[in-house]
Amino acid sequence: MNAGRRMGPSYASSEGAASVRATLRALRDSGVAPSGAAAPLEVQPRSDEPPRLEAAVPIEGERIAVRTIPEPPVAGVAAFLDGIQRSQVVAHVDGVPLVHGAVAAAIRLRVDRRLRTWDAPRLRRALFAPLALLPAPLAEALRARVQVHDLGEVPSRHPQEITARALTAVQRAREAAEGELVSAWTARGAGTLVVDGGIAGHADGARHDGVIGVVKSHRTLYTGEDALPLLLGLREGERSTAVRVTSPRRHPVASWYLRLRDPAGRSPLFGLVRVEVSPETRDLTARADLVSRWLLAERAPVALPDQRWDVMVYGIRDCEQYLTAILA
Amino acid sequence: MTTPILGRVVATERRPNTPHEFHFWTALDAPIGIGTIVRVESARPIAGVLPTIYGVVTEGFGYTDLQTPLHDVLGADGEPAGSAFAPTERTEIRLYTAAVLRHVPEEPLQPVPMGTVHLATEADVHAALRMDSYVGGSAARGIPVGLYRAGGTEAAVHLDADFLLGPEAAHLSISGVSGLATKTSAVEWLLGSIFAHFPASKGRVAAVCFNVKGPDLCFLDQPATSLTEEDRAIYARLGVPAAPFANVHYFAPWSAKGGQLATLRSNEALQHNVTPLTWGLRETLQYAEVLLNKDDVDAKADALIDFIKERVLDQVFSDPALERAHEVRSFSDLEQWFRELLRGLEARNSDVWRTHHIATIRKVRNRLTNISTRCKGLVTDDGMVSDLPFGSMQDRAVYVVDVANLEEDAQDLVFARIVSQLREHLEKRQLGVEQVIVFVDELNKYAPADGPDTYVRKMLLDIAERGRYLGLVLFGAQQFRSQVHRRVVGNSGSTLYGRMDPDELATPGYQTLAPATKARLATLEKGQLMVRHPHFGQPIFVRFPRPAVLTGREGVERFPQAEEMALDAAITRALRRLDPTISLGWVQDALALAGEDEDGILRARNRTLQAKPDDVKAFFKAQLRKRATPEVAARRGPTPLRVPASDDPYG
Chain U
1 MNAGRRMGPS
11 YASSEGAASV
21 RATLRALRDS
31 GVAPSGAAAP
41 LEVQPRSDEP
51 PRLEAAVPIE
61 GERIAVRTIP
71 EPPVAGVAAF
81 LDGIQRSQVV
91 AHVDGVPLVH
101 GAVAAAIRLR
111 VDRRLRTWDA
121 PRLRRALFAP
131 LALLPAPLAE
141 ALRARVQVHD
151 LGEVPSRHPQ
161 EITARALTAV
171 QRAREAAEGE
181 LVSAWTARGA
191 GTLVVDGGIA
201 GHADGARHDG
211 VIGVVKSHRT
221 LYTGEDALPL
231 LLGLREGERS
241 TAVRVTSPRR
251 HPVASWYLRL
261 RDPAGRSPLF
271 GLVRVEVSPE
281 TRDLTARADL
291 VSRWLLAERA
301 PVALPDQRWD
311 VMVYGIRDCE
321 QYLTAILA
Chain C
1001 MTTPILGRVV
1011 ATERRPNTPH
1021 EFHFWTALDA
1031 PIGIGTIVRV
1041 ESARPIAGVL
1051 PTIYGVVTEG
1061 FGYTDLQTPL
1071 HDVLGADGEP
1081 AGSAFAPTER
1091 TEIRLYTAAV
1101 LRHVPEEPLQ
1111 PVPMGTVHLA
1121 TEADVHAALR
1131 MDSYVGGSAA
1141 RGIPVGLYRA
1151 GGTEAAVHLD
1161 ADFLLGPEAA
1171 HLSISGVSGL
1181 ATKTSAVEWL
1191 LGSIFAHFPA
1201 SKGRVAAVCF
1211 NVKGPDLCFL
1221 DQPATSLTEE
1231 DRAIYARLGV
1241 PAAPFANVHY
1251 FAPWSAKGGQ
1261 LATLRSNEAL
1271 QHNVTPLTWG
1281 LRETLQYAEV
1291 LLNKDDVDAK
1301 ADALIDFIKE
1311 RVLDQVFSDP
1321 ALERAHEVRS
1331 FSDLEQWFRE
1341 LLRGLEARNS
1351 DVWRTHHIAT
1361 IRKVRNRLTN
1371 ISTRCKGLVT
1381 DDGMVSDLPF
1391 GSMQDRAVYV
1401 VDVANLEEDA
1411 QDLVFARIVS
1421 QLREHLEKRQ
1431 LGVEQVIVFV
1441 DELNKYAPAD
1451 GPDTYVRKML
1461 LDIAERGRYL
1471 GLVLFGAQQF
1481 RSQVHRRVVG
1491 NSGSTLYGRM
1501 DPDELATPGY
1511 QTLAPATKAR
1521 LATLEKGQLM
1531 VRHPHFGQPI
1541 FVRFPRPAVL
1551 TGREGVERFP
1561 QAEEMALDAA
1571 ITRALRRLDP
1581 TISLGWVQDA
1591 LALAGEDEDG
1601 ILRARNRTLQ
1611 AKPDDVKAFF
1621 KAQLRKRATP
1631 EVAARRGPTP
1641 LRVPASDDPY
1651 G
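Quick mapping for you: the protein sequence lines, in order, are chains U and C. Going by our numbering, the first sequence wraps up at 328, each residue one higher than the last. Going by our numbering, the second sequence wraps up at 1651, each residue one higher than the last.
Just so you know, the hints here were simulated from the structure itself, not pulled from any lab data. Some hints could be false.
Stated by the list, open to error - Short derived list, chain C residues pointing at chain U, Cβ under 7 angstroms:
1) Gln1067
2) His1071
3) Leu1074
4) Gly1075
5) Ala1086
6) Pro1087
7) Thr1088
8) Glu1089
9) Thr1091
Each residue gets a CB set at the ideal place from its N, CA and C atoms; glycine is no exception.
Next comes chain U alone, as it looks inside the complex:
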């Protein structure tokens, strides 16, 4: 009977010492009145970069072309990785917002068609604040009681500027947690890991054959104007030929677009994902075809009721559900 093992916590309880409750208690004890319940910063409107096209270098043929996946979908993915984050303003001190941030990342390994957690999930909780703007005794008191992430120098005391900085810091914490798991997988995992989002930010992932990134959002489309109609016209089960995506602070990856679902009557981005793999692949076409077949196989079960179900594979949804549960 292994029920006992299954029922046990799958992550270390020592992690996440700065729970919201502990943080609020620490603030109260320090004479700071907590704010009322506020919406998570992640769901508040913010000004994003504008959508754009960015030309990329074709590496599978001379120009971007459409390729029909030659063989039917086949299951080949071993595990899925995703991370989530939550941040909220818990108090203001002299107008300076104090943000509680929590991040978590996990790999869910598929065993007998069911998903279970691989390794320990990464869980971080901290109070994000520009300590220099807080009274020194309070900063010391908070440091003594909870995990504090100093936002450092900020250009201004504008509260929105500070919350934007905090949100970025939380996001980096999440990426770091995800990166830890990618590294762990490349070191110890067996089989192919699908990562929610790109892998260019993970040095180990971007160089490892067993890691695939699946990007669901397309604020940046890696194509020139000329190939755009071709890319947007991809039909279900078709992919674009691969390009090399590079970025100053990121690692180069081979990438292509894949249409997971029929977009008829819907947005041209419906069911469209961008796949990232290590560029150090001997036969890129064969590799891209195989990975595409794997991802097409992951369309079922459908990730509904998630709003991004057209581009989200079920394993990633499962990760999110799991992380939401342990972060609650």
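Starting from the known structure of chain U, fit chain C onto it as the hints suggest.
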């Protein structure tokens, strides 16, 4: 006790835990089902004690992360086979609801805390069902009712004798659809268990069973032919001998023709313990109310019947309207009495006799003398009585009264009289046993929820409400519990349910059961029961073995019913039980010599069977001669009805 953790208690605002109910989830492959008993262990002490809660699973839920089935349709592109190729199965949950059986400690009674859920061990089952207070030890009084089995745990489930047979509570109600080996089988099994485990210190116990249909109870003394190894294992586990009842007595009225007994247990090989059940006028008139409904008998007629019972019956009665003194002891005597009374009134040209109008007298005559016709075979014209051994009932004996072939009125009469006699004897502590179990099948017929307030129903209500103080215990079986009077079922301390009809389960009496429990009840296998008992906080499912007795169906195949035989052959067969040397030829000669009519011959046989004389032949011949000779015919005067034969040692 360390047992694997099988689940965890959960509670949400929408689905909170209460002191009586809690929820838990398990792995998909956990051996949990409806009826499984579980133990909750909390890590948070209350008043310094870690609480343990026992519960029984009453409902189960399984669902996935889908919000609507449509999402699955979309995911499979509308092709049911499409989902089969999904590399991942959807996240799925098994969520169970359990009803609390017991909190340890009992106080303070709080909502079930969060904790780990474990399968109950045998010791847990004992604790959960509070059996620790009456099973084992010096004051043991547990009666095994079956075996609880779930998830590899096996535990004997006992009923408390004090709550099954009194005095704390009493009575048993058994419900279940017909033909699925529930009611009769369960009673046969439980009687065997009671006889094996009822503590001697609590007195002697016997059972009186009414066989109301078919051959159900006709072979209780014959061994079963279909016991499996599993059945035998259950018998052994529960300490009940896998053997038929050792001490069984059958009673059946004569057939309408009177030649043989009206029972399916008529095979010659089984006649050693079959006794005629016949009553005379006195026994019948005592319960005239059973047979005469209010439409038949108004206050005036009632007054005349009372007069007859008090002033005429079993005594010498003289009146100017009568030519001679009468001693009315039989229906024949009563008919003579009426005839002479009416003749006398007509001769005097009088309409009234002792304030009773002649029309009332005619009506009562018609109704009373009609009884012997309606209950032919049971009620004898000549006052012959062959009855159950009230006063000398034996410990752990079963007395089966076969009324399956009687008319409904006669069944009511048998039932009313026997139960009344049991009660009267128990009140006087003169029955021979201190506890008697009365098993009645088709209780909905005798104590219906609706319908007229009959004598039988009133009597059953009285037993249900007061019988436990006397040791008179009712085991009632019925297909539809909802159709039995609620005061009867309400007073049943214990209840057994076999497979139930879904329509019956939809009636208000089952509202307290969870839908899953009802669904399980509607699909119970043979040999499974749901048990309610005062010590059990919730109904419990148990398994019981096949009865160790021959089933009615097998019995009639193995012991075919005796053919309807000629009168002389029937007389021969009856007398040979007393004297095996009697031959058909001897009987034929005796009958030829006597020249008696059929009724006279049957009377002679009945008297011989009742008297059980040493010299059967001489006694029988004397009875024949008595009816044939003129001086016996002149017995219509105030002479004793039964003139002892010279060779009758019991005369």
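Quiz item: Given C:Gly1075 as an interface hint, is the shortest Cβ-Cβ distance to chain U below 7 angstroms?
Solution: Hint holds; C:Gly1075 Cβ to chain U Cβ min 3 angstroms, cut 7 angstroms.
Quiz item: How about C:Thr1091: closest beta carbon in chain U under 7 angstroms, or not?
Solution: 6 angstroms, holds
Quiz prompt | chain U contact restraint on C:His1071 - CB to CB distance below 7 angstroms | solution = Nearest chain U Cβ about 4 angstroms off; hint holds.
Quiz prompt | Hint check: 7 angstroms Cβ-Cβ cutoff, C:Thr1088 to chain U | solution = Holds, because the Cβ-Cβ distance from C:Thr1088 to chain U comes to roughly 5 angstroms (cut-off 7 angstroms).
Self-check item: Evaluation of the interface hint that places C:Leu1074 against chain U, nearest CB under 7 angstroms
Solution: 6 angstroms, holds
Quiz item: Per the CB criterion, is C:Ala1086 less than 7 angstroms away from chain U?
Solution: 4 angstroms, holds
Quiz item: Should the hint that C:Pro1087 touches chain U count as held when the rule is a Cβ pair under 7 angstroms?
Solution: Since the shortest Cβ distance to chain U is 4 angstroms, the answer is holds.
Quiz item: Given C:Gln1067 was flagged as interface, is its beta-carbon under 7 angstroms from a beta-carbon of chain U?
Solution: 4 angstroms, holds
Practice problem: Verify the interface restraint on C:Glu1089: the C-beta must sit less than 7 angstroms from at least one C-beta of chain U. | Solution: 5 angstroms, holds
The structure meets every hint from the earlier list without exception.
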